[in-house]
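Listed below are the residues making up each chain.
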Amino acid sequence: RKEVEQDPGPFNVPEGATVAFNCTYSNSASQSFFWYRQDCRKEPKLLMSVYSSGNEDGRFTAQLNRASQYISLLIRDSKLSDSATYLCAVTNPLHTDKLIFGTGTRLQVFP
Amino acid sequence: DTEVTQTPKHLVMGMTNKKSLKCEQHMGHRAMYWYKQKAKKPPELMFVYSYEKLSINESVPSRFSPECPNSSLLNLHLHALQPEDSALYLCASSHATGGTEAFFGQGTRLTVV
Chain A
1 RKEVEQDPGP
11 FNVPEGATVA
21 FNCTYSNSAS
31 QSFFWYRQDC
41 RKEPKLLMSV
51 YSSGNEDGRF
61 TAQLNRASQY
71 ISLLIRDSKL
81 SDSATYLCAV
91 TNPLHTDKLI
101 FGTGTRLQVF
111 P
Chain B
1 DTEVTQTPKH
11 LVMGMTNKKS
21 LKCEQHMGHR
31 AMYWYKQKAK
41 KPPELMFVYS
51 YEKLSINESV
61 PSRFSPECPN
71 SSLLNLHLHA
81 LQPEDSALYL
91 CASSHATGGT
101 EAFFGQGTRL
111 TVV
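Line by line, the protein sequences give chains A and B.
The first sequence begins at 1 in this note's numbering and counts up one residue at a time.
The second sequence begins at 1 in this note's numbering and counts up one residue at a time.
If you're looking for bench data, these hints aren't it; they were derived computationally from the structure.
Among these hints, one or two may not hold up.
To be verified - Listed next, the stretches of chain A that the computed footprint assigns to chain B, with coverage defined by at least 3 CB atoms under 8 Å from CB atoms of chain B:
{"id": "1", "region": "36-47"}
{"id": "2", "region": "72-80"}
To be verified - Restraint ranges, calculated between C-beta atoms of paired labels, are given here:
{"id": "3", "chain 1": "B", "residue 1": "S65", "chain 2": "A", "residue 2": "T96", "range": "19 to 27 Å"}
{"id": "4", "chain 1": "B", "residue 1": "P69", "chain 2": "A", "residue 2": "A20", "range": "40 to 48 Å"}
{"id": "5", "chain 1": "B", "residue 1": "N70", "chain 2": "A", "residue 2": "G54", "range": "17 to 25 Å"}
{"id": "6", "chain 1": "B", "residue 1": "P8", "chain 2": "A", "residue 2": "A67", "range": "27 to 35 Å"}
{"id": "7", "chain 1": "B", "residue 1": "T5", "chain 2": "A", "residue 2": "N12", "range": "31 to 39 Å"}
{"id": "8", "chain 1": "A", "residue 1": "E15", "chain 2": "B", "residue 2": "Q82", "range": "41 to 49 Å"}
{"id": "9", "chain 1": "B", "residue 1": "S65", "chain 2": "A", "residue 2": "G54", "range": "39 to 47 Å"}
{"id": "10", "chain 1": "A", "residue 1": "E15", "chain 2": "B", "residue 2": "S65", "range": "28 to 36 Å"}
{"id": "11", "chain 1": "B", "residue 1": "K18", "chain 2": "A", "residue 2": "A67", "range": "50 to 58 Å"}
{"id": "12", "chain 1": "A", "residue 1": "S52", "chain 2": "B", "residue 2": "A96", "range": "46 to 54 Å"}
{"id": "13", "chain 1": "B", "residue 1": "N70", "chain 2": "A", "residue 2": "Q69", "range": "36 to 44 Å"}
What the hints assert, rightly or not - Below are the DSS-like pairs computed for lysine-lysine, each with C-alpha atoms no more than 25 Å apart in a straight line:
{"id": "14", "chain 1": "A", "residue 1": "K2", "chain 2": "A", "residue 2": "K45"}
{"id": "15", "chain 1": "B", "residue 1": "K9", "chain 2": "A", "residue 2": "K2"}
{"id": "16", "chain 1": "B", "residue 1": "K9", "chain 2": "A", "residue 2": "K45"}
{"id": "17", "chain 1": "A", "residue 1": "K2", "chain 2": "B", "residue 2": "K53"}
{"id": "18", "chain 1": "A", "residue 1": "K45", "chain 2": "A", "residue 2": "K79"}
{"id": "19", "chain 1": "B", "residue 1": "K36", "chain 2": "B", "residue 2": "K9"}
{"id": "20", "chain 1": "B", "residue 1": "K22", "chain 2": "A", "residue 2": "K45"}
{"id": "21", "chain 1": "B", "residue 1": "K53", "chain 2": "B", "residue 2": "K41"}
{"id": "22", "chain 1": "B", "residue 1": "K38", "chain 2": "B", "residue 2": "K22"}
{"id": "23", "chain 1": "B", "residue 1": "K41", "chain 2": "A", "residue 2": "K42"}
{"id": "24", "chain 1": "A", "residue 1": "K45", "chain 2": "B", "residue 2": "K41"}
{"id": "25", "chain 1": "A", "residue 1": "K42", "chain 2": "B", "residue 2": "K53"}
{"id": "26", "chain 1": "A", "residue 1": "K2", "chain 2": "B", "residue 2": "K38"}
{"id": "27", "chain 1": "B", "residue 1": "K38", "chain 2": "B", "residue 2": "K9"}
{"id": "28", "chain 1": "B", "residue 1": "K9", "chain 2": "B", "residue 2": "K19"}
{"id": "29", "chain 1": "A", "residue 1": "K2", "chain 2": "B", "residue 2": "K41"}
{"id": "30", "chain 1": "A", "residue 1": "K98", "chain 2": "B", "residue 2": "K53"}
All residues carry an ideal CB built from backbone N, CA and C; glycine is no exception.
Starting from the given sequences, assemble the full structure and let the hints guide the process.
The following block contains the structure:
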């Protein structure tokens, strides 16, 4: 089993839709979780950290489910500009300097 | 505003060349990272520097040699690379190691011919 897994998609949604992605992690001792956004041929940009209590930033909401070992990202009122690959990242509990990325979920928002 | 600057943005090098990638940040971050990303794959960690000391080397071949001259600068020296080393090389920094948020530079797109 991979350390961090994501559905690669693509998720094709119309503007205004709500879309959610999940990311599962294999090590229950992992402590830190993040969502990054990456546009084609660009660097990953930090979207948000994922806290135990959840985290909301505008149209974006991130949740952590420790019991089931997954994090989620919810995007409300999708915009064309949300089209990108969304990468989840988890720190290795044995080496917390190591940020392990999932393969990413591709989102395409259409008019 | 967070900013990590990498140079050059693009690099083409022969298998016998020696070149260096450079990364700079002025956010006072004490941890810096090199990642390698192939097309349609996630970034893969190569090296971590914490307080200017190498803390993680992910079994990277010796043809890649990192250097951290000071807390703001990170270099990656390249020598005798192979075509399969062609990739996007990303530098990142964070306030400290141990699970803090990491911010990436724009990357250097390297092609080995």
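Checklist entry - Which hint numbers doesn't this structure obey? => result 2, 5, 6, 10, 12, 15, 17, 21, 25
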